[in-house]
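There are 2 protein chains.
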Amino acid sequence: MNDVLIRALLRLPTPYTPVWLMRQAGRYLPEYRATRARAGSFLALAKTPELACEVTLQPLDRYPLLDAAILFSDILTVPDAMGLGLYFADGEGPRFARTVLSEADVAALAVPDMASDLGYVMEAVSLIRTTLKGRVPLIGFSGSPWTLACYMVEGGGSEDFRKVKTLLYKRPDLMLRLLQRNAEAVAAYLNAQIEAGAQAVMIFDTWGGVLPDGLFQQFSLAPMRWVHDHLLRERTEQGQRSPVPSIVFTKGGGLWLEELASTGCDALGVDWTVNLGAARARVGSRVALQGNLDPMALMADPGQVQGQALRVLESFGLPQDGFAHVFNLGHGISQHTPPESVEALLETVRTYSTRQREQAQLAVMHNSGAP
Amino acid sequence: MNDVLIRALLRLPTPYTPVWLMRQAGRYLPEYRATRARAGSFLALAKTPELACEVTLQPLDRYPLLDAAILFSDILTVPDAMGLGLYFADGEGPRFARTVLSEADVAALAVPDMASDLGYVMEAVSLIRTTLKGRVPLIGFSGSPWTLACYMVEGGGSEDFRKVKTLLYKRPDLMLRLLQRNAEAVAAYLNAQIEAGAQAVMIFDTWGGVLPDGLFQQFSLAPMRWVHDHLLRERTEQGQRSPVPSIVFTKGGGLWLEELASTGCDALGVDWTVNLGAARARVGSRVALQGNLDPMALMADPGQVQGQALRVLESFGLPQDGFAHVFNLGHGISQHTPPESVEALLETVRTYSTRQREQAQLAVMHNSGAP
Chain E
55 MNDVLIRALL RLPTPYTPVW LMRQAGRYLP EYRATRARAG SFLALAKTPE LACEVTLQPL
115 DRYPLLDAAI LFSDILTVPD AMGLGLYFAD GEGPRFARTV LSEADVAALA VPDMASDLGY
175 VMEAVSLIRT TLKGRVPLIG FSGSPWTLAC YMVEGGGSED FRKVKTLLYK RPDLMLRLLQ
235 RNAEAVAAYL NAQIEAGAQA VMIFDTWGGV LPDGLFQQFS LAPMRWVHDH LLRERTEQGQ
295 RSPVPSIVFT KGGGLWLEEL ASTGCDALGV DWTVNLGAAR ARVGSRVALQ GNLDPMALMA
355 DPGQVQGQAL RVLESFGLPQ DGFAHVFNLG HGISQHTPPE SVEALLETVR TYSTRQREQA
415 QLAVMHNSGA P
Chain A
55 MNDVLIRALL RLPTPYTPVW LMRQAGRYLP EYRATRARAG SFLALAKTPE LACEVTLQPL
115 DRYPLLDAAI LFSDILTVPD AMGLGLYFAD GEGPRFARTV LSEADVAALA VPDMASDLGY
175 VMEAVSLIRT TLKGRVPLIG FSGSPWTLAC YMVEGGGSED FRKVKTLLYK RPDLMLRLLQ
235 RNAEAVAAYL NAQIEAGAQA VMIFDTWGGV LPDGLFQQFS LAPMRWVHDH LLRERTEQGQ
295 RSPVPSIVFT KGGGLWLEEL ASTGCDALGV DWTVNLGAAR ARVGSRVALQ GNLDPMALMA
355 DPGQVQGQAL RVLESFGLPQ DGFAHVFNLG HGISQHTPPE SVEALLETVR TYSTRQREQA
415 QLAVMHNSGA P
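Here the protein sequences come in this chain order: E and A.
Using my numbering, the letters of the first sequence correspond one by one to residues 55 to 425.
Using my numbering, the letters of the second sequence correspond one by one to residues 55 to 425.
Errors might be hidden in some of the hints.
[Unchecked claim] Here are the computed lysine-lysine pairs in the DSBU-like style, where the Cα-Cα straight-line distance is at most 35 angstroms:
#1 224(A) / 305(A)
#2 217(A) / 101(E)
#3 217(A) / 305(E)
In short, the hints are calculated from the structure, not lab data.
Turn these sequences into a full structure, and let the hints steer you where they fit.
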């Protein structure tokens, strides 16, 4: 198996910098659009294990240099399974039929049963693993407790997060109860994915960055730490035990990296506002760093994509002595991305990062007087 | 004159922490909505000096504890004066009739003539000063060169800034030419406001935070430094010379505070993700800090607003030895804000910050053995 990603997440030496892309199975690929059309709707695609498996593997077939698969699913499967009724309005983002606003709404929320309510996700995980045949590791994922709460209270996306923040400021006790329920559901959800075969997990804290300093720590970071305290950190497969590394990604969380590194995760995703070298100096070798090319850099010509990718690689510097970098974007890939940009990106990362390590090794040999 | 704001921006001691609110003249006030209805449209309101003056003063009449007036105007007056044709579609944000995409579009942009193209803004500034009669200082403002470029290229607001970033990545040379033209226009615009009577100026870099580290420095920070290099730093009124402090606010720019402090500004606006104590330790006493309450905290009950305001004041700590804090929100006030929340906020800031200084003085006297 290509275990470069897992090794990097565990801060072990790798022959090159592994790379995968958030939302790599997505609308920028014609083959994805074809499967999506066959499925009829985004939700049908996400809820049919065979189709979810199919689109999960599409980018790997097109781009042999990708070092990971990520489960194709929606971030809102958990609140949907809690009974909120997820749907997609035409041309708009996700919506919930029922929102969570009152004491009674929170009390009514139960941690979903993973087998009966979210079995389709676990079937997809297991099918993807079988189909992958060990080519690359499979990453499972969930939204963070706070990010799920944003959608559950707002009933969909939001510009100012007024409803969820009003609840937070007016009823912090109730918000904490909601977050605790979400944390339990997220931990159970990720653990079920691990048991179904996920070899790494990622928590998307997409809206952590809308919280003020101080409240972020209480309302997003603390529930993510709770999840980590209850996360399976190993899985057993064919009698063999393997660690299951976790990644936490708080978009807009660049000011809180030290605290995020203390959640118990193995790696931190960072957006493009973060300088990877500065981030590395701040968190040390406690966690690997994942990121952080601006997805819009892929709108440029292949030669320019190469230049921007090099900027990111150079900002991290040489991955050694427990410092590890997983190349990724700083956010999901745009549906408008030309597929050839991804090609240029992946080749640049592989070529440059291989050469970077070789040159460092040559320098060591030279310094130690070897011929 | 109440010069507490100006003193704080210049890092001089003040008897309490001055406070004003971004977008303090706005839709959350019934009196604003009445004037807006009389004007017929937002643009008519912004372009009629008497009405712009009227709404600028409304929050000061309602809230005597405010320490500044800020010119009521739109952030896009400059590109409008460059000939792009600003308009507001019903219930939507600002739009431009013409956008800037090509070499020819950029070449056609001229720095507007301040008297003939933007005279209505200067008239409003001068009228507000006359009407204020020195109650509080008047802050003038402009969008940053990069933020204006975002609207000029996108033709309005954007979620992913795809057009402006595509131009940046594909034609960095052309983008820099556009930014240079904007920087010249912004400097001329702010200088004209200063000559018309503005006693401080603020640059709103609303979209600086969407740029990656490295490119932010080149495409947003450098043009703001250029503006500062060409900014009038003093004004003469009735034979008296006074300094004109400047404030730079990059939303989402918390990772770049040290660099922002080097633009030549006197104060940095910061959003609510920033811890003021940590920011103060990073930038030292080179600049004052302005901010940073989450505007959504004002959705809570008055007692809770008080608690959140105290959190912000305490995070800054005692303003002394050249460290200064101007209390503000971390973004414009929401139209949904209950006006009594603002009352509670202003009283808390004045009362707590006055007591804070008195207690510190008592402690000094006590330590020095005074009775």
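Evaluated hints:
1. 224(A) / 305(A): 25 angstroms, holds
2. 217(A) / 101(E): This hinted pair holds, its Cα atoms lying about 34 angstroms apart.
3. 217(A) / 305(E): Answer holds: residue 217(A) to residue 305(E) is near 22 angstroms, not above 35 angstroms.
Checked against the numbered hints listed earlier, the structure breaks none of them; every hint is satisfied.
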